[in-house]
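With the numbering used here applied, the sequence shown has no gaps in its numbers, which climb one by one up to 538 at the end.
No wet-lab data here; the hints were simulated from the structure.
Being a predicted model, the structure only gives us computed values, none of them experimental.
One thing to keep in mind: the hints can contain errors.
[What the hints assert, rightly or not] Cut-off 25 Å, straight-line C-alpha distance, at most; resulting in silico cross-link-like pairs (BS3-like, lysine-lysine): (1) K179 <-> K128; (2) K363 <-> K351; (3) K363 <-> K399; (4) K49 <-> K105; (5) K49 <-> K179; (6) K134 <-> K154.
[As the list claims (entries may be wrong)] With beta-carbon atoms standing in for the labels, derived distance ranges: (7) A222 <-> N508: 38 to 44 Å; (8) T266 <-> K302: 47 to 53 Å; (9) E91 <-> S63: 21 to 27 Å; (10) V390 <-> N334: 42 to 48 Å; (11) R417 <-> N368: 44 to 50 Å; (12) G34 <-> S228: 29 to 35 Å; (13) S427 <-> I404: 31 to 37 Å; (14) M284 <-> K308: 32 to 38 Å; (15) S228 <-> S37: 34 to 40 Å; (16) S228 <-> K494: 47 to 53 Å; (17) A384 <-> N335: 52 to 58 Å; (18) D325 <-> I418: 21 to 27 Å; (19) L203 <-> F25: 15 to 21 Å; (20) T311 <-> N334: 30 to 36 Å.
The beta-carbon is built from N, C-alpha and C at its ideal position, and this holds for glycine as well.
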Amino acid sequence: MTKINFKIKLILLCIFMSSVSLTIGIVSYLGFQKFTDLSKNINHDVIPRSLLLSEMDVNYQKTRIAVRTLGLANLSDEDRLEAIQASINAVAAYEKASDNLNAKISNPKEEILYKNVLKEWADFKSVGVRALDLAKVYDEPAKIKLLEIFLKHCPEAASQYQTVLDEYNKYIRLEVTHSSDSATKTSHFLNIILIGISITGIFLGLITGFIFASKISTSIRKTLENLTQSSSFLTLSANTIAETSQSLSSSSEQQDTSLQESSSSLEEISSMVRMTADNAIKSDDLAKSSLTKASSGKKAVTKMIQSMSDININIDTIVEELDGNNLEMKKITDLINKIEEKTQIINDIVFQTKLLSFNASVEAARAGEAGKGFAVVAEEVGKLAELSGKASIDIAEMVSSSVDQVNRIVNDSQKRVSLLVTDVRTSVTNGSSIANECGEILENIVTSVEHVTTSISEISTASREQSKGIEELQESILQVDSSSKSNTGIARDTSEVANKLKDQVTHVNSSISEIQNVILGDFERKKAS
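With these hints in hand, go ahead and build the complete structure from the sequences.
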């Protein structure tokens, strides 16, 4: 039983309780069916036969009364005919009820009783038929015979019929009583069985439920005790893990901080070494460049000395070119003078145009309204001539100013060029002397730069090797830093997991308390605790 799970145990208990209810239902159904059959037999067989037999008795009594009525003296025709018709109707109703009763007979004993009743009815009916025939004639002899039938034959036949009919009625009443007693006994028996089954089912259900509840309660109590112990152990473990994780996280953070500081310091050293190496490389490059430039400078000084000689030659050429330019300037001055002459001609044309415009205006005034349009044109032509005159005057002034400026520029240029040529010749002479001294100095510089270049190359090589070593050391520290950060993250995750585990343990403890309240109750739970 202990190996069966809780669900199956509940199902078995429900099946047992359902079987009790099912047994009660089956017994009730079977008893009800039997009671229904008895009731059906009484309602559809016994009672209808009793009613049919009663109907036969009633119609028999009606027939007898009608026959007795026909035997009365001094009976009116109306009463006689009514008695005849009543007798005929009663006989017909009796025989109909008799046929229906015959159809419902199902046992031999009742069939014998029915045949006896049928035989005595035939005798009584023959007496009644004879009385009806006499009543139809209803003369004195018929009246005498009717009186004889009324006094003798009818009572005899009626007595015999009534005897067998009473026996039949007694049989039917006994059958009704027997069926009713059977139904009562069946109902009583069913009640006793149902009460017994109900009491037995309740008793067995209580015992089974008590045993089941006790075993389940004991099993659940043990399980809850184990869960409580496990929960306490988990709480202790979670606290230990949380404390360890916090300590590990704190140590990892301190180590991470130290590594970051070391990495920063090493990075600064690496940066300084790298900068030194870069500066050494740049110095090496500059030294080599200086050597190259010093050599080039030496060559340039040599070329400069040669160029000084060439400059003297070129100065003479420049002087000749300047003289040629002065001649060209004079040509420009002559050209400007010619422009001034042409401008004078334009002024004359402008004067003539103004004069023509004035004459046109006079002629237009003489013409009146017809010359207004021509007067406007003449006025505009006069304005254009005036503008052209102003422009011609401006051009003349500009040309005059240009001539003066060109002359002044030519004179100033000649004076300045003469002074410049003299100064250049002096500077070239001094430059040649200085260039010779520079050549000697550059020779010494080239020798010194060669020695410096060699030293700087050696420093650059050493700096590169030192920088490479520091970079490798920095990579190692970065790897250690990465591992430290990973450990810090793991410690934090472990701490979070421990905290979540504590929360889950608290939730489990709460669930255990709820289960104890539901399964064991407050009293049992306090007793167990």
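The hints, checked one at a time:
no. : hint                      : verdict
1   : K179 <-> K128             : holds, 18 Å
2   : K363 <-> K351             : holds, 19 Å
3   : K363 <-> K399             : holds, 12 Å
4   : K49 <-> K105              : holds, 24 Å
5   : K49 <-> K179              : holds, 21 Å
6   : K134 <-> K154             : holds, 16 Å
7   : A222 <-> N508: 38 to 44 Å : holds, 39 Å
8   : T266 <-> K302: 47 to 53 Å : holds, 51 Å
9   : E91 <-> S63: 21 to 27 Å   : holds, 24 Å
10  : V390 <-> N334: 42 to 48 Å : holds, 45 Å
11  : R417 <-> N368: 44 to 50 Å : holds, 45 Å
12  : G34 <-> S228: 29 to 35 Å  : holds, 33 Å
13  : S427 <-> I404: 31 to 37 Å : holds, 35 Å
14  : M284 <-> K308: 32 to 38 Å : holds, 35 Å
15  : S228 <-> S37: 34 to 40 Å  : holds, 37 Å
16  : S228 <-> K494: 47 to 53 Å : holds, 50 Å
17  : A384 <-> N335: 52 to 58 Å : holds, 56 Å
18  : D325 <-> I418: 21 to 27 Å : holds, 23 Å
19  : L203 <-> F25: 15 to 21 Å  : holds, 18 Å
20  : T311 <-> N334: 30 to 36 Å : holds, 34 Å
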